[in-house]
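Participant: Listed below, chain by chain, are the residues.
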Amino acid sequence: METCIYNVIAFYMLAAVILGSAVMIVAVRNIVHSVLFLAACFISMAGIYLLLDAVYLAIIQVLIYAGAVCIMIIFGIMLIRRADMKESNLFNKQTKLAAGVVAMTLAVYGILAGKTAWTDVTSNVPVPADSLDKIGGLLLSQYVIPFEVAALLLTVALIGAIMLAREVKADGDN
Amino acid sequence: MPFDASSLSLITVEILTAALGLAVLVLGVIAPGRGRYGLAGVTVLGLIGITGVAISNWGANGSLISGMYLVDNYAAFWKITFLVSAALVVLGSMRYVDNLGSTQKEYYGILTLATLGMMVMASAGDFITLYMGLELMTISFVILVCLPSTNPRPVEAGIKYILLAGMSSAVLLYGLSLIYGLTGEIKIYEVARAVASGDVSPALILGTVLLVAGLGFKISAVPFHMWSPDVYEGAPTPITAFLAVGSKAASFALVIRIFIGALPGIWQHWALVVAILSAVTIIVGNLVAIPQDNIKRLLAYSSIAQAGYIMVGLVTATEAGVKGIMFYVFLYIFATVGAFTVAGYFYNKTGSDKIKDYAGLSQRSPLMAAVMLVSMLSMAGIPPLAGFVGKFYLFSTIVSDYLWLAFVGLIMSMVSVYYYLRVALVMYRDEPNDPSPIKLTSPVAITLIVTLVATLFIGISPGPLSEVINSAAHSFFIQ
Amino acid sequence: MLVEFAMHHAWLVPLIPALSFLIIVFLTRPFEKLTAFLSVSFMAISCFFASLAAYGVFNNHELAEHPLVYNFFNWLSIGIPGANELQINLGVQLDPTSAMMLFMVSFVATFIQLYSVGYMKGDPGFSTFFSYVSLFAASMLLLVISSNLLEMFVAWEGVGLCSYLLIGFYSHKISAREAAKKAFVTCRVADFGLLLGILGLVITFGTLDIMELNDKINNFKEYTSYGTLTLLAVLVFIGPIAKSGQFPLHVWLPDAMEGPTPVSALIHAATMVVAGVYLVARMMFLFDAVPAAMNMVAITGGFTALFAALIAITQTEIKRILAYSTVSQLGYMMLALGVGSLTASMFHMWTHAFFKALMFLAAGSVIHAVHTPNVWKMGGIVKKMPVTSWTFVVGGLAISGIPPFAGFWSKDEILVATMNSGHYVLYAMGAFTAFLTAFYMWRLIFLAFYGKEKPENHPHESPWTMCVPLVVLAVGATVGGFFGMPWNNMWAHWIFFGEPHHAGHVAWGAMISSVALAVAGIYLAYRLYLKDTEKVKARQLAEKYQFWYQLSFNKFYIDEIFLWFNHTVVDGSAKLMYLFDIYVVDGIVNGLGGFARLTGDGLRVLQTGSMQNYALVFFLGVLAVTILMAFTGPSAAGLVLGGVM
Amino acid sequence: MVTISLTHYVMLSAILFSIGLFGVLAKKNAVSVLICIELMLNAVNINFIAFSKYITPADFMGQIFAIFVITVAAAEVGVGLAIIIAIYRNNLPVDLDEIDWLKW
Amino acid sequence: MSFPVLPVILLAPVAAAVVLLFIPKEEHRLIKSVAALGTFVSLFLTLVIYFNYNQDVGGLQFVTQRDWIKDLGVTLFFAVDGISLPMVLLTNLIGFCAIFASWNISNRPREFFILLLILITGVMGTFIAHDLFIFLLFYEVVVIPIYIMVVIWGSSKRVTKEYAGMKLTIYLLIGSGFLLVGVIALFVKSVGVLGAPDMSFSALAEAGAQLSNFDQIWLFALMLFGFGSLISMWPFHSWSPDGYAGAPTAVSMIHAGVLKKIGGYGLIKIAVVMLPLGAQFWAPWMAVLGIAGVAYAAFGALAQKDLKYVVGYSSVSHMGYVIIAVACLDVIGLNGAVANMFAHGIMAALFFSMIGFLYEKTHTRWMPDMGGLGRQTPKLAAGFMLAALASLGLPGLVTFVPEFTIFVGIFSKYGGLAVIGIAGIIITALYALRAGAHTLFGPPRPEYDHLEDIKGPELVPLVVLGFVLVVGGVLPSLLFDMINSGVVPLHAEISNVLQLGGNL
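Residue numbers (the numbering used here), protein chains in the order written: chain S, 138 to 311; chain X, 127 to 605; chain U, 43 to 687; chain G, 386 to 489; chain A, 0 to 503.
Calculated directly from the structure, the hints in this document are not laboratory data.
All residues carry an ideal CB built from backbone N, CA and C; glycine is no exception.
Honestly, I wouldn't trust all of these hints.
As the list claims (entries may be wrong) - Straight-line distance between alpha carbons at most 30 Å, and here's what the computed DSS-like set of lysine-lysine pairs gives: (1) Lys482/X - Lys565/X; (2) Lys488/G - Lys233/S; (3) Lys258/U - Lys412/A; (4) Lys617/U - Lys304/A; (5) Lys565/X - Lys480/X; (6) Lys586/U - Lys494/U; (7) Lys75/U - Lys360/A; (8) Lys24/A - Lys565/X; (9) Lys419/U - Lys579/U.
Stated by the list, open to error - Facing chain X, according to a computed beta carbon distance under 8 Å, are these residues of chain A, among others: (10) Leu29; (11) Asp70; (12) Val140; (13) Tyr146; (14) Ile169; (15) Leu172; (16) Ile173.
Just chain S, with the same shape it has in the complex:
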């Protein structure tokens, strides 16, 4: 366990940023601002992964989430071309009710998760250094079936997205 103080400070700072930006995503009224906060949140999460010695994942997090996903959402928003972005991200009718439910859920989960004595299950074997090629090897040996399924999943998602979003030509050649 990192005993030195820097990690502790780093964790708390990153946690603060993550939670702050998450709250801002929900709270802010303009959809574009919330996407920006989303990007911020993803990046700080990458930091957390570094703390947890998941180097490869941190890189992927930044690349895919912060990069691709946020940009894609921005494109989506632009395509929809709402007149004024100001009022684009409002709360709906059941906000108070939702807040209540979420608070209760959080309370229950907090208690249940908190109560569990995680510590005694923890083993303190250090994480092997060369995680990148180890993960790569595992992906193609141990987890080959999920890997292939993921590939198919992405293909389907790709084709589906195109099918749904493309401009229907006037004549519609059916």
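Guided by the hints, dock chains X, U, G and A onto chain S, whose structure is given.
Facilitator: Positioned in the frame of chain S, the structure of chains X, U, G and A alone reads:
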């Protein structure tokens, strides 16, 4: 350990399905304008071929990659069920898809890949493969639900489905992560060992709850069922059929794998919860179906009620329970596909889903009316049809210690006869407003006859089917 | 030898009319001539057999002690032989009483059928009439010879059915339909009591065979207590109360006059109504063992006699007067049985059959001729219809008890028996009824047959087929009495219960007083109705005792009471039950259905359509499941609670 | 709190999950709901990686699971946006409250 | 007999139904004759086995048995014994007459007769099957054809025919729902007791007897609810008057004539034999409910104005006698119960067929505006009168002796109740005669003058059922010896369990 080629033979069925899916996608692009009808033919033949392959290597038990992917009789049975239902749905919906317009090219491809997703779910040995199969199926269904994207109804159903599915998969993942966190394992049978040995920590309770919620969403158990009536009504009818049949069956395969496979250790915790959920599902499913006037919505609620009956098999977590579930799902498939094909074809011809427009169907097309009646009564559990035997198996598992559930189940299934008979009343008694007979195209006729014969045959002589399922259920428990 | 055959095959007697019924119904329905001939001839054959059997029984005396009993058909056997087993087989029991009844019924029935050939000529339902009458004869004869209480009950109901069909014969008249229904239902009410009695007997004594019952009841101590035996006796007696028109349940008999007159003659005078008396006679040993029941029989009999006579004196229709007189004579017979003298009762039944049948047939001819039953509209018929009138007068003499005629001997026997048995009050009632009988009978005769003719009706003598039976019955009415004259009382030797009647001792006092009463009655009738032609005196008397006159004329309002009871209590509670059924029981069922539909609608509205509501419900579900799982699992509760604290 | 233990990460992930959940339940705009679902999935990722570090450091089960979750999340966003565009093109309102034709 | 006679009897009507499928819709006469032929074959064969069933051996005869579902221990077990053979005969008799009673059905006769034949087979199946699963199969297969027939060919007088059909169906199904729970529970417990799963009556009876007293009581309660609702026991009778009034003649004939008897038959052969201690516990309750049914329905019938309702309520009242007879649990009582079921079946069928013809001719069943038909249609009047007299239990007709036997049976065990029951015969006489008299006697109405009497095929119900009515009344031993041979061994089985007091 590295992936050895010899055991490749175990997953031939999956590979073939993937190949078929991709081939159909490619063909769709290459084939000239009119050639598109061939696609349906190719898909159906492909599916039937793969079913043959699946049946042929029935006995080949074994597990790939040290438990990551279990190919046992249990999974084989489920794969055959998915392939049969996929073939029936495609066969029954050929004409329906024609007027879906240009998107028809990718329809069959994605549908086949959805079937692949189900198969992966059925024989997944660990949480990751399980999740990937689930997501592949869900995403492909989301896309299929939104066809034809020019019509607002399916799209509305699509948005609802994807957002709720996304949320439920997040919940499911959270549960999986907690269980992984507690046990340090992601292979189902190792988790079972860990849970059995370790004591019950609150996080495990939380994890189980989240699993119940995530999977409850998929099999449309009551508190989590809200999405299914809207999506069933919005989606195009063949897809609704496939949703009600394929997705629900696959989710049950998964539910058995997780609850009876991974969490038998804490059986006494979740047994009563599942019993109560199943009772509530049966009651709500049947009661809300009574005032419905749209045939697809009525069938949606009745399929929720059927999910309630199937959950009864989970309660005792014994081999008899698993057998009951598999038996009931198998006959449920034929009944639902039959009913939805009739609804789909009727929509195709008359463009309406309202029950009152079904007036005098028995005179316009006796076969459609007969199939609709037989399927509905089988769901209600009227004897000569399969439903009765299925319910007998299911309720005989829980009669000894959850008697109240047996009462709820049986009384509610008799109440369900009320709204089924109301449809029969309209079909048989009223005079049709336009008496022109509805001519059935051959593929639809074949589907209807297959479902009719299957429901009657299983009802009258359930012997052979129950033998097969016995061996399948038995293989589930030996690992 | 033929006699032996007749005695040992007595079941042929009822079988022959039954055969004629079947033949008529299925074969000879359309040919009236053939039906009439067939029915009368079959009846004659069965009467011949009956007389042979009666003669056979009459000859050997020991039959009175232990009658000839044999079974001819095993009707029913249920249960484990030995254990609680119900064994019923149809049998014949021939003893003097049943032999006498056998002969009397078949004899009267034959002549009445002959009479009705003429009477019913031209009626569309001619062959149906004859089929009903032969069915009636068959069931009556079966009742007479039956050795088993259940067999008797079956015949009893069969007779009831035939009386229903025959009373309701003119079915196009609403009054006939109502009378028939009234007759059947009243008998049915009584059969309820009889059935209870039979059931009680079969359960306490295990058998329904009359002979076996006789032995078992003689030492009934080991089977049941005295109380239950009285109850059984009373229950059995309820049956005859309706069948023989005793006091409370006599209401149907006068209305039964709606049927054709031969029916009234055959059924409501000679045979059916007597069945009740016959049953009590048959079960004499049961009543004998229970003095309380005997007294009840006697009192009912006496009271009915007086009661009916009081009503008869004011009636205006000829058939109603005769009907009430029948009720009164039946009261006499029951009285005789009540005081323990089987001989007197049977003798009176024998004589009554003749003269009452005669009078009914004669009345029938009169109505046939004059087309109105009202006595006041008739007059001076004796000139135009000599045979009918004279035979009627003979009947009148017999019934009012003028010495040479049959009625005198049998009524006298009864009065003597009542006197000997010490029931003085009943004797007084009996005597006064004798006076009233004479009065109303001769009132009828003077009004109908004598006095001046009414111009509008021109009676004519009825054809020979109707006159011959009248003459034969008249002869019977006169000669019938000689069997039982106190001097050489052949009848007493023949039919008796307990020790034979000590012949030879003649109670002159009772005889003379009864003749005097009869003559006084006739004289009063003469004074009131023949002498002063305008009947002024009669009308004055009627106004003076207006209240009593109305009371008697309206039959003491018993009918109205029954109608009221039937209408309000029975129909009222029926409507109440039906409404209860519709609104409560059905209400609950429909309520449940409605409730299910209501909840269905309620839950349906929850489906608001907005995706986020679904998500909200989803997570509420998750919360509920968490709580459910946390608190219902076996060990989890402690864990979580522990955790939370 | 001297050292960072597993409980902190679980707490962090739970809070993030709840914020994401609140966003899903409360936001009117479909895109923001999509974003919040992404948040929930990321919360799960934190959980996985934390468990992978603390509980099974030897083999990267958690991390591999996280990788797959990321791929699925990406696919989901893609399809989600496509559907939102399809909704827009069918000139249905993008606000989730108004999309309620399919009901009862 | 090696030749499998029972399956032939069972499947003859189905074969006829299949043949009907291929006959064009217009051939009304051909359709009816094929249907009649189908039922005649099974009637003839039933008579054959009725007369060479040797009664001294008793027990199950003409057995055909084949394995059906191994893991539930279900065998296709067709056999007949002293109690079920009369019921099969009753079914065939009424089935045969029902075909002729609906001779002038005009709209869609083909579907009508196909459904009717399926109905007859279903009902017959319950009496032949000696395996609980197959019994349940046939028990519920009957419900849907009845619904469709009521809904299409029914008549809506006081309540619409849809309501009547739906009420009939749902009521009986919920009853059978409870029964199903009871049966499953019994089956599961019997597997525990016997070891191997076996669904045949004898095996389940053996297992049932060994169940604990408490189990037997609540299991019997469930079965009582199921069978009670079918035999229209008092609180669960409200479906039967509406159901019969709504149903077409043939359906109400078969329903009142036979379907109700499945309830009674099931009560005796299944509930009482398999759960004797339960039966002993519930017997007083059944007696009270039975008698309540008798009095209640008799009064109900009295208040009716519609002929079909009168017969509907009267059938509830007669079934009340059966229930109290079963509640005596002794030989005479059970004998009386089975015999009364047979007798009432014949009577109800004749009554409904006559009312059916009357309705076809005068288009009304409302008593106040009928009258004087005796003259215009004598044969119909004779049949009607015969049925009315039979319903009031006139000696000499088949209904008297069973009723008398029941009275003997119940009088010894439930004295007080029996008196009310026997008082019922007065009320029955009242409403039966009122029904008979109001329609047949009284002044003939001019508007009915044109009616022609029933002739040709329409006479068959009157002749056949009338013959059985009279012969059964005059020679009751024909019926009772057969029933006795069935009841005595059954009673022996129950009594030795009751003596043992069952092992708690």
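Participant: Hints first: check each against the structure and report whether it holds.
Facilitator: Against the structure, the hints come out as follows:
{"no.": "1", "hint": "Lys482/X - Lys565/X", "verdict": "20 Å, holds"}
{"no.": "2", "hint": "Lys488/G - Lys233/S", "verdict": "23 Å, holds"}
{"no.": "3", "hint": "Lys258/U - Lys412/A", "verdict": "23 Å, holds"}
{"no.": "4", "hint": "Lys617/U - Lys304/A", "verdict": "11 Å, holds"}
{"no.": "5", "hint": "Lys565/X - Lys480/X", "verdict": "20 Å, holds"}
{"no.": "6", "hint": "Lys586/U - Lys494/U", "verdict": "26 Å, holds"}
{"no.": "7", "hint": "Lys75/U - Lys360/A", "verdict": "34 Å, violated"}
{"no.": "8", "hint": "Lys24/A - Lys565/X", "verdict": "20 Å, holds"}
{"no.": "9", "hint": "Lys419/U - Lys579/U", "verdict": "18 Å, holds"}
{"no.": "10", "hint": "Leu29", "verdict": "20 Å, violated"}
{"no.": "11", "hint": "Asp70", "verdict": "6 Å, holds"}
{"no.": "12", "hint": "Val140", "verdict": "5 Å, holds"}
{"no.": "13", "hint": "Tyr146", "verdict": "6 Å, holds"}
{"no.": "14", "hint": "Ile169", "verdict": "6 Å, holds"}
{"no.": "15", "hint": "Leu172", "verdict": "4 Å, holds"}
{"no.": "16", "hint": "Ile173", "verdict": "5 Å, holds"}
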